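**Q** Take the two lone chains and join them into the complex the hints point to.
The chain contents come next:
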Amino acid sequence: MLAKIRDLRNNPHLLFVRLPNLLSLTCIVVGVVWLLLLPLNEYSRQTYISENALLPGQVHAYFSGSEQNVFRGYKKELEGLLNEGRDQGVPPAEAGQTPAVSSKIQSILQAAGLKVATQKYEYTSAGITHEGENVYAIIHAPRGDATEAIVLVAAWKTANNELNLNGVTLALTLARYFKRWSLWSKDIIFVITPDSKSGTQAWIDAYHDMHPASVQPLPLKSGALQGALVIEYPFDHRFQSLHVVYDGVNGQLPNLDLFNTAVAIANNQMGIGSNLQEMWEHDDSYQARLQTILRGMAKQGLGYATGAHSSFMPYHIDAITLQPKGEGWEDEMALGRTIESICRSLNNLLEHLHQSFFFYLLMQSNRFVSIGTYLPSAMLLAGNFTIMAIALWMRTGYYTGTSSTAPAIAGDKKEKPSSKKVTSGKPVADVKLKESGVAERQLALPLTLVVGLHLLGLIPLWLFNTLPHQYLPTSAYAFVIVDIVLPLVLAALLSHGLGLSAPIIPQQYHLIKSFSLLLLGLSLSTLATLNFSLSFMVGLLCAPLSFIERLQSPSKPVRSTISGIGFLCLNLLSPPSALLGVCWYTGVSVETVLTQAAFGWDVWGVWTQVVVWCVWWPAWLIGCVLLGASMF
Amino acid sequence: MALLFRSLQTLCFLLLISLVAAEHTSNWAVLVSTSRFWFNYRHLANVLSLYRTVKRLGIPDSQIILMLPDDMACNPRNAFPGTVYSNADRAVDLYGDNIEVDYRGYEVTVENFIRLLTDRLDADVPRSKRLGSDAGSNVLVYMTGHGGDQFLKFQDSEEIGAWDLADAFGQMWEKKRYHELLFMIDTCQANTMYTHFYSPNIVATGSSELDQSSYSHHADNDVGVAVIDRWTYYVLEFLETQVTSANSKLNLGDLFDSYDESKIHSQPGVRWDLFPGGEPEGRLRTVVDFFGNVQNVEVENSNSTEPGSLKEDLAEIARLVEKWRQRDEEYSAILSSHNNTEASSLHLTAKKTVGSTKMTDDNSWGKRLVGLSVVGACTAVWVAGSILGRKV
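The listed protein sequences correspond, in order, to chains S and D. Taking the working numbering, the leading residue of the first sequence gets 53, the next gets one more, and so forth. Taking the working numbering, the leading residue of the second sequence gets 109, the next gets one more, and so forth.
In short, the hints are calculated from the structure, not lab data. Computed from a predicted model, the values in this text were never measured in an experiment. Built from N, CA and C at the ideal position, the CB exists for glycine as well. A few of these clues could be false.
To be verified - Sample of chain D residues with no beta-carbon within 12 angstroms of chain S, all distances over it, derived:
no., residue
1, Pro168
2, Asp197
3, Gln258
4, Gln279
5, Ser370
6, Asp421
7, Cys486
8, Ile495
To be verified - Only pairs whose alpha carbons sit at most 25 angstroms apart, straight line, appear in this in silico SDA-like list of lysine to any residue:
no., chain 1, residue 1, chain 2, residue 2
9, S, Lys167, S, Arg232
10, D, Lys261, S, Ser102
11, S, Lys231, S, Gly125
12, S, Lys231, D, Gly190
13, S, Lys608, S, Met683
14, D, Lys261, S, Tyr100
15, S, Lys377, S, His289
16, S, Lys231, D, Phe188
17, S, Lys172, S, Lys273
18, S, Lys231, D, Cys182
19, S, Lys231, D, Ala181
20, S, Lys231, S, Val122
21, D, Lys261, S, Ile101
22, S, Lys231, D, Asp330
23, S, Lys231, D, Asn329
24, S, Lys231, D, Thr191
25, D, Lys261, S, His404
26, S, Lys127, S, Tyr114
27, D, Lys284, D, Thr133
28, D, Lys261, S, Glu403
29, S, Lys127, S, Tyr229
30, S, Lys231, S, Ala198
31, D, Lys283, D, Gly244
Extracted from the complex, chain D is given alone in its bound form (with noise of 0.2 angstroms):
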């Protein structure tokens, strides 16, 4: 019986744990592509449909930061100006008339980026290039780009390693600047770019595996590129066909089952091991915890017990108040005993003896002596050789 109730006790804290970890009260989103010219054109389409998808979902531009190193739709190449189109049937336009770009052109470096997500910028710089998520957001991450082993190159120029953006993740994690992560990244050997992340609440998915190339998925005739990536487009197609709206209660599950290798020509990874219940956990966070907004507003969470929390503060306070006020009554009451008892008198003792202290005489008088003593024996030895050198 004993053990049944302790048993059904585990498991309501366990679900009680689930719970509250689901809750966070803002999402954010970070898009990013890396790389410049037009025959690159398919990465900003990749962003930009990514992009219209987590407004579509809900997150405000205020909540987006997005990083494009180029400017396609303005390109004298563009056969459509001032259009993006991420599909040959040009259905959407996705550059439209309500965009908000927060880093452009050469601003995107790996530098800005890291900045960016570890929030060491310079103080002016304005809201709109800073990513404000703190404990209760969740942040999706998506980049895109051409990518080797466990680096992701930005502009030609550079690139970002896998262990500089795990160490951006594990500072984030460190300043609190994240609840749950989705790490989503379509490159060539994509997978290998989350393999060194260690800070926890990350579920990261990629691509293609090592030594595997991403595709394009196909080129629009007219523009004359290729318009949009293979696993992109297919996690869109999910996206855009599926998870309908806000309320949609379809989950990260679905969407990685929905990976189809054949189509894809690559084979995506999904890391579930620093999500905290693993995959079983992992796949139940509905897809719009990360791609919607969701407005779970918590004064404080009274419940949790992890440190750092405003109970495990307050806590800790009581404890060093009752500590000092423990000290206190002892001291008051050593000061009311001091005439009465004599057992407890140890401080009172070292206060006796507190004053100036003197030498004794005799002891004053010995050295004196002795002082004496070697001068006159110096003297002695001085007068004796004078008198002694004279003779010679």
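Here chain S stands alone, though its shape is the one from the complex (with noise of 0.2 angstroms):
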């Protein structure tokens, strides 16, 4: 028994060769089924409010009944006003944003009794320009100290392009009606926005004087926000569930009190159900809680705006967008209730929310996995890269393996025996002992490719960033061709010697792997606690790279045939073809999710952009160029 550890301890193939790459293998897959099993009982937990302040649904919510008719005349008024526009050839998306609109707007905030105030704002993307002005009006807590303030908004054209009409009606409804009360302890503030994606974003950077020069600053502030909702209510007949989106800029997400209180007022003071992540039909078996998380985990993954709410977490203001759906019994007064119901429990708060997760998974309105039950997925998936690094860092300095001066006979065949005889005879003791012997390591050259690569990374997220977006799907195919062209190029060079004097060695592109995964496995896990699906998704599309390298055994045409196979494979993992791939089978247009892209890139912060090309990109690249050495 001894002696077959002693054994396996000698054998440096296994040490350096397969125990690695079994360990990889084994996070990888781990890593996987680590995923898979959140969405049972035992591994998720019930959602509970955590903040004791909240206490949501105490209060009785009054706003009915007289409001309704109020809400039908603010209603007729801005009714009044689109048709005009529409008249007028206003397009339909655009007639919230006509003058007449946004001064009867502010004479309805200023009749209420609360302070107006504007501010324009102009955003230039992928050659398209956004513009608009945003209406909003401030409720001083009548004995409140003006620290703190809650936000409505309700913006004219919602995060699907629909026109909401009832959902600026309703805030304005509920402006009036707030008014009234006094027992705020915190200001309220109501944003009428043009469009939920760039108007909020404008308002909340200007709130924080964070605002580019293109964007007014505001003319009326109040405290520190402590919460914000986002009303939606696109279409006039009643409905039957609330959808919460909550998913912000970048994967944040608000505090799941937010999140919990919304659904426990909707479901057991109001009665009205709730959904997330579009699972309309979620009959809370496995497959749907496994799909909402997967859904939830896209949507964070990418890192996008999924509406007006999703600006305010890069603030860490805690926000959420109520959308109203389905054919039900529900009205829009029910819909003020629920919100009447939720500004008193966030008018109850003393601090901040932060009782409750920032990091977690929704399975189902009431079900969720925290970090500490999910992380470790993602951390397996990384942390694949880091072995396989280190153990090629190792394999460089003390063991040749298959060197190209060793006899190029398959290695895993001619290695076993070889260490056997180690221990039994001192002959060939001697001839392993040179073979193994330490090795000095050059590092130049893979230093110098490696960093090369990932700064290369920068054209390609500056190029995507600054097109005129109808440049941007012909960039997007070109960019696969230059996928393909490029590794085998470097490969090429790489071969034959770059030119230089000294030929590349086997021992350098071992290197090279190992700094390339080193690198990928750090971001990745580093990634990993601020944005775990972004992590995961892009260590799941690199798995691969962990166990190619440059094939050198068999002759070279089997060689380059499988290397030809398994270099096309990896360029169907590329961040271009996988691009195309996903447009393709969602049937999205690649402009409209690049111009997207490009426009969160702008104007939202959304840095999934230098993830791709700065860290999978360089990965990906130096992976094909491993592969493609192996051709020549």
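**A** This is the structure in structure tokens:
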């Protein structure tokens, strides 16, 4: 037994080649299985309200009756103006942005006794200009100290580009209604913005004096924002359930207490059902739960804004969007009462929401997993790269393995008998010693190449975020070609010594891979703590890179065929091909996605592109170069 | 016959003792809420409800120490500004227009509370912030807040432990700051708070046992928070409906028997063992002994025989006076019989020996001789040494 263990210890092939491969594979498999286990009852938890101060649903909501008449009146006034605009040829989506509508809203808010102000903004991204004018008004807490505020937002255009007439009207009615209560401990700010994508971003940036020059500063401000609710009601019929949207920019999430409060009030106090992640038919089965988690992860991973609330998240303001969905018997008053009750709960807060989780995956409106439970999944995926990198580093220092000087017979078959002989025969051991002696590492070329390729990622990052939108699809297709040509050129150059006198030795290929994987593992494990889903997705797409290296063993034609096929497969996993694939699968045009991404980069400050072009793409490129090098 | 007489005598004595012990001369109430923040509205409502009850039963504001860590009436979240209610029917505004808060806001601390009980306060602290109780005072201490196993949280920043409280009461007893004390506490795991009490004459009762929560009774949907705790609610229900006047004969036994676990949703506890006579005696104390104001004015309790009472002190002084008188007599007797008698002259002989003494002559001369011979010998040695040294 002991001898066997000693054998294993003395077997460098096992230590440096087989074992790391096994470990990496295990990490990947366990990481994925871990995620699949999360929807089970044993690993997920029931949601609960952590913050004692919230007291959701403990107050009567009185928003109804005569307020409904006010609502109808406002709606009629706004409808008239919208129709006028339509007659003048304003496209329906832009209907809410005419000066007539804006001044009407201002006068309504002023008449209700609120302080009103406006803010013009303009953003240009991918050659498209987004402009508009926010109207907002503040209810000063009659007995409060004006150090804190709650925000209610209604955008004329919802996240799905529908005209949000009922939502805006409801916000105006609520403004009039809230003004008459004297129990607010925080100011309440009503923001009526033309558009869900850029309007709130301009407003919140200006609120914190972080706005670009193209955005006007705010003439009127209040205290620290404690929470924000976005109201959407883009249809005229009665609704069935409330869809709570909570994903923020860059995968940031609002405090779970806010989500729980909204769900608790909707379900328990108002008797309205609640949905999340567009799961309209959620039967609480394993599949439904997993699907909800995966949808949440996809949104989190892509990191784009899912509604007007998303812009609040970078400023650590918890925000959600409430979207009525389905055909039912709940009317705008029910939505108004829900909002009133949520506002009363937020009003009870004594300090910023902090008790509950900020990192969670929801699988049902009342079930979640917290970061402690799901994090190992992405960490294992990221860890697999680090393990491989460390093993390669050790291997290049101690063990030449199937070096070019050794006979080019299949390494695996050769290595096992030879290592067994080490313990029995002395002459072989001497040979072995020579083979596995300490080797000097040639670091200059691998380091330069890895760092250079990572810097090269800045070019596509810059290109895709600055090109006008009409050129974006073309450049995506061009990049697919670049991704095929570039690795081959690099591989050919490397194989022919880059014109340098010293030939590239296999050790350097291992070092290239080691550095690349080290960086990848490092970046992904760091990213996992910030944006679990993105780290997991990139980790999964990069998983093959752990096992790709320059083939040497078979004869050249076989080698070329194998590596050629591998090269093609790997190209299917390249960032641009993955993008095209996803677009083809979901049926969204490439231009839309890329324009949106550029908009995200320019306006929302989305960081996904950086991860794609400076972490994923260089690692992928190096994998391709290694595979390409086996062809030459 | 003798035996019967003896037992009758004992019975009479016991009765006398109990009657005597039941008498107290003043009533004090210390009502403490220990939690602030809007969502703890009910704790302030608990205390204010009790404040109202003890005032109704006659304890004046000057003898009530009210500790309120927060001001719910003026909280901006209060839908009914300036009021505090302990019932959703909002029939009685507890804040009303005559309420005297003695410790408020951040003055409600563990230190201030213990200083208040033990009277370790600076000289400049006003009378309204002092517990002026004495050995004849019955003191009611009511506490409510968030607690746990043997602690009660004060204002989210500190807590008082069961031992701290026990020691504070112990010190009160030593400093004669109470005659009898009723301790009531409504918090989670409340009964653990009185487990360490050791000073006598205390009856303690709490709302819930170890590992049990105390629950709120109901919420007011317009105020938006729970307005009163269950145990306090039912104690108050008893006090308000049964103890209708200061003349009520209902006793503590009735009060504690009114506890209904199915209503309170936790197991209230009572501790009798510190009370002389235990439960049977304690049960006989009327509720108004602690919640009301009794005007039994007595200049001095002549029958009391316990240590520290005036009678005891007088007897002690009398004994001392007797002792000194005896000594004096003895001394004067000795002085007067000095010339006549010799047997009793111990003191006098001692007096005779007093005076300067002289060394005897022969003794001194002997010493002088010894000294001279030593000096001579030394001189001889020195002379011999110098002569011998010169020779060498």
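**Q** Against the earlier hints, flag every one the structure doesn't satisfy and list their numbers going up.
**A** none
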